[in-house]
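Keeping their order, the protein sequence lines are chains A and B.
For what it's worth, this note's numbering labels the leading residue of the first sequence as 125, then goes sequentially.
For what it's worth, this note's numbering labels the leading residue of the second sequence as 125, then goes sequentially.
Calculated directly from the structure, the hints in this document are not laboratory data.
Nothing here was measured: the structure is a model prediction, and the numbers come from that model.
Misleading hints may appear alongside valid ones.
[As the list claims (entries may be wrong)] Taking lysine-lysine pairs in the BS3-like style, the calculated list, with each CA pair at most 27 Å apart, reads: (1) 366(A) with 315(B); (2) 236(B) with 371(A); (3) 236(B) with 442(A); (4) 223(A) with 371(B); (5) 236(A) with 129(B); (6) 442(B) with 390(A); (7) 371(B) with 344(B); (8) 442(A) with 442(B).
[Stated by the list, open to error] Quick list of simulated restraints, FRET-style, between CB atoms: (9) 225(A) with 185(B): 34 to 42 Å; (10) 336(A) with 150(B): 41 to 49 Å; (11) 151(A) with 449(B): 49 to 57 Å; (12) 179(B) with 229(A): 50 to 58 Å; (13) 225(A) with 424(B): 24 to 32 Å; (14) 151(A) with 424(B): 50 to 58 Å; (15) 126(B) with 229(A): 27 to 35 Å; (16) 356(A) with 170(B): 21 to 29 Å; (17) 179(B) with 306(A): 38 to 46 Å; (18) 425(B) with 225(A): 38 to 46 Å; (19) 179(B) with 151(A): 29 to 37 Å; (20) 279(A) with 425(B): 52 to 60 Å; (21) 306(A) with 185(B): 47 to 55 Å; (22) 220(B) with 356(A): 51 to 59 Å.
[To be verified] Okay, the calculated bits of chain A under chain B, using three or more residues with CB under 8 Å as the criterion: (23) 178–187; (24) 210–220; (25) 299–306; (26) 339–346.
For every residue, glycine included, the Cβ atom is placed at its ideal position computed from N, Cα and C.
Protein chains: 2
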Amino acid sequence: MEKIKIGIVGYGNIGRGVELAVERNEDMELKAIFTRREPESVQIMTEGVPVVHMDDILSMKDEIDVMILCGGSATDLPVIGPEIVKNFNTIDSFDTHAKIPEYFADVDASAKAGGHIGIISVGWDPGMFSLNRIYAESILVQGDTYTFWGKGVSQGHSDAIRRVKGVKNAIQYTVPVEEAVEQVRSGCGPKLTTRDKHLRECYVVAEEGADLKEIEETIKNMPNYFSDYNTTVTFITEEQLKAEHSKMPHGGFVIRSGETGREGSKHVIEYSLKLDSNPEFTSSVLVCYARAAYRLSKNGDSGAKTVFDIAPGMLSMKTAEELRAQLL
Amino acid sequence: MEKIKIGIVGYGNIGRGVELAVERNEDMELKAIFTRREPESVQIMTEGVPVVHMDDILSMKDEIDVMILCGGSATDLPVIGPEIVKNFNTIDSFDTHAKIPEYFADVDASAKAGGHIGIISVGWDPGMFSLNRIYAESILVQGDTYTFWGKGVSQGHSDAIRRVKGVKNAIQYTVPVEEAVEQVRSGCGPKLTTRDKHLRECYVVAEEGADLKEIEETIKNMPNYFSDYNTTVTFITEEQLKAEHSKMPHGGFVIRSGETGREGSKHVIEYSLKLDSNPEFTSSVLVCYARAAYRLSKNGDSGAKTVFDIAPGMLSMKTAEELRAQLL
Chain A
125 MEKIKIGIVG YGNIGRGVEL AVERNEDMEL KAIFTRREPE SVQIMTEGVP VVHMDDILSM
185 KDEIDVMILC GGSATDLPVI GPEIVKNFNT IDSFDTHAKI PEYFADVDAS AKAGGHIGII
245 SVGWDPGMFS LNRIYAESIL VQGDTYTFWG KGVSQGHSDA IRRVKGVKNA IQYTVPVEEA
305 VEQVRSGCGP KLTTRDKHLR ECYVVAEEGA DLKEIEETIK NMPNYFSDYN TTVTFITEEQ
365 LKAEHSKMPH GGFVIRSGET GREGSKHVIE YSLKLDSNPE FTSSVLVCYA RAAYRLSKNG
425 DSGAKTVFDI APGMLSMKTA EELRAQLL
Chain B
125 MEKIKIGIVG YGNIGRGVEL AVERNEDMEL KAIFTRREPE SVQIMTEGVP VVHMDDILSM
185 KDEIDVMILC GGSATDLPVI GPEIVKNFNT IDSFDTHAKI PEYFADVDAS AKAGGHIGII
245 SVGWDPGMFS LNRIYAESIL VQGDTYTFWG KGVSQGHSDA IRRVKGVKNA IQYTVPVEEA
305 VEQVRSGCGP KLTTRDKHLR ECYVVAEEGA DLKEIEETIK NMPNYFSDYN TTVTFITEEQ
365 LKAEHSKMPH GGFVIRSGET GREGSKHVIE YSLKLDSNPE FTSSVLVCYA RAAYRLSKNG
425 DSGAKTVFDI APGMLSMKTA EELRAQLL
């Protein structure tokens with residue numbers, strides 16, 4: 125069997141997760157990892173795979189079927205996404221929801237120009253949660269969809285706390301409010317505010333002599349990040365932070381309740397994830413969509429795609445016959 | 125806006141459910157209901173829609189975009205499925221899992237010959253549950269998938285009880301065993317027997333003077349249907365049956381637990397349904413796949429398809445742009 129040849133662009137948490145996920149898919153092989161750092165300074169886990177500088181990416185144009193872009197959505201992907209898709213099929217996890225239409229258009233133009241496939245915004249949200257929103261809404265046309273995240277670390281909120289004066293280190297967990305989830309599950313279609321849906325738990329390591337009261341108030345009143353939520357602030361030591369908060373669990377729920385028929389029969393559709401490792405799970409989603417990108421490209425298709433455009437059968441190692449016999 | 129013109133073939137619980145679901149989708153209209161009974165004897169809910177005899181189905185060849193086949197899987201669909209798809213796009217809920225490959229081949233040949241689309245085995249299992257099995261397995265390659273059904277009525281098992289000597293009427297509920305579901309949710313990947321996963325609750329109306337002890341024993345020892353399960357038999361009156369057991373709720377869970385990375389990070393993906401009306405929900409799934417059949421056919425595609433072959437975006441009333449902006 126000829127394997128699907130994967131390249132990884134960017135070697136952070138997601139890049140490492142993709143490296144591990146490729147190992148678990150026997151129809152794929154990792155061909156190279158691309159970095160902007162000095163290649164010699166990057167220690168990877170897979171023996172025999174070269175680390176290549178981004179400047180030399182085109183030297184591997186004929187050796188890679190799909191590039192998995194593991195950069196950030198804020199500044200990295202908007203630049204490299206449209207650039208790399210000119211020469212390679214790509215997958216990314218672009219997750220700035222408000223900018224998806226613009227990013228899609230940019231990737232689409234470059235992908236079509238280069239005759240490649242670029243699947244954007246793959247992961248669990250956007251990604252699996254988006255899929256569950258579209259399926260549930262298409263079935264139950266009249267209803268309400270609710271998305272809850274957590275319990276899990278929000279990198280953006282943790283960073284925001286770290287910028288507060290007197291804070292040495294910090295981590296923030298987004299926590300769904302149990303009563304709100306139960307209300308939604310009951311199918312009553314409640315109106316919930318931001319505050320009703322999620323709590324924010326902050327664990328903060330303060331600098332020596334810092335004003336703890338002031339740190340707490342600054343965090344709790346931070347607009348956009350915390351002021352619309354019930355927020356708890358707990359001060360801990362650097363050792364506690366390391367020992368108790370170095371994992372990256374996450375998860376969440378997409379729940380739609382809706383009605384059918386003239387008498388309004390009620391139905392509840394729920395999808396949930398409970399993840400030990402947010403980056404490893406996200407990477408596993410990226411890798412199965414790489415299989416779809418490879419197949420679409422082989423079929424002569426090109427342009428930007430999202431999870432909405434990909435038939436589920438494209439993701440599986442199994443043939444269409446096996447899928448019908450075993451999973452349908 | 126030009127509406128998608130729907131025909132319904134067969135007017136039982138699912139046919140009525142489709143009639144109601146079409147009402148809730150503003151881009152569709154019901155054009156006719158086809159029956160093998162005397163059309164005059166069939167009372168439908170929608171004013172102004174004709175009831176047409178099956179023998180005259182071809183008279184409406186140019187007036188219907190998609191036929192939703194609401195017949196049974198045992199004897200009805202294997203005959204009418206391949207027949208009708210010669211002249212119309214079709215959707216059905218064929219659910220005899222073991223015979224899906226053969227049925228697919230039959231529908232595929234006829235559909236291609238006629239230049240139409242036939243989407244088979246649509247509903248929630250097969251259907252939404254199948255989708256969740258394929259997505260979860262494609263992401264978590266190493267793991268175990270569990271499907272639980274219920275609490276809900278099994279028509280086949282209820283029928284089996286009704287054939288027992290001395291039984292006047294009966295209904296059977298399939299009930300997932302809570303402890304088994306919890307074990308699976310914990311991610312420990314338990315080995316579960318048939319008996320571990322589901323209970324069977326039977327509510328039986330006995331004929332006057334019947335031997336209740338014998339009925340109970342006969343049910344509990346019935347091979348294939350009950351002997352592999354823990355089964356309870358409760359005798360009730362015909363009035364109780366009518367008052368307390370005339371609804372058609374159902375639901376269930378698809379849960380996959382699996383591992384990623386070299387250290388085996390654990391993840392649990394769960395999809396669940398809680399349905400007031402099994403036929404109305406199934407019908408709502410059928411109707412959104414009718415939209416996909418219509419679009420595929422407009423694009424010039426033909427042949428048999430399953431939910432694995434249909435990109436999720438095809439199901440929605442929204443445009444691709446709206447979907448990316450609102451649901452991704």
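> Is the hinted range of 27 to 35 Å satisfied by the C-beta distance from residue 126(B) to residue 229(A)?
Replying inline: 28 Å, holds
> Is the gap between the beta carbons of residue 306(A) and residue 185(B) within 47 to 55 Å?
Replying inline: 51 Å, holds
> Has the given pair, residue 236(B) with residue 442(A), been kept, meaning a C-alpha gap of at most 27 Å?
Replying inline: Cα-Cα ~24 Å, so holds.
> Can the restraint linking residue 442(B) and residue 390(A) be considered satisfied, given a maximum Cα separation of 27 Å?
Replying inline: Status holds; Cα separation ~23 Å.
> Using the C-beta atoms of residue 151(A) and residue 449(B), is the stated range 49 to 57 Å upheld?
Replying inline: Hint violated: Cβ distance 34 Å, outside 49 to 57 Å.
> How does the Cβ-Cβ distance of residue 179(B) and residue 306(A) compare with 38 to 46 Å: does it lie in that range?
Replying inline: Given a distance of about 53 Å, which is not inside 38 to 46 Å, the answer is violated.
> Falls inside 29 to 37 Å, the C-beta gap from residue 179(B) to residue 151(A)?
Replying inline: 51 Å, violated
> Measuring from beta carbon to beta carbon, are residue 179(B) and residue 229(A) in 50 to 58 Å?
Replying inline: Holds: the Cβ-Cβ distance is about 53 Å, inside 50 to 58 Å.
> Under the criterion that the straight-line Cα-Cα distance not exceed 27 Å, is the pair residue 236(A), residue 129(B) satisfied?
Replying inline: 35 Å, violated
> Is it true that the CA of residue 371(B) sits at most 27 Å from the CA of residue 344(B)?
Replying inline: 24 Å, holds
>> How does the segment 178–187 of chain A fare against chain B when you require at least three residues with a CB closer than 8 Å, holds or violated?
In response: n = 0 at 8 Å, threshold three: violated.
> So the hint says 24 to 32 Å: do the beta-carbon atoms of residue 225(A) and residue 424(B) match that?
Replying inline: 28 Å, holds
Checked against the numbered hints above, the structure breaks hints 1, 2, 4, 5, 8, 10, 11, 14, 16, 17, 18, 19, 20, 23, 24, 25 and 26 and satisfies the rest.
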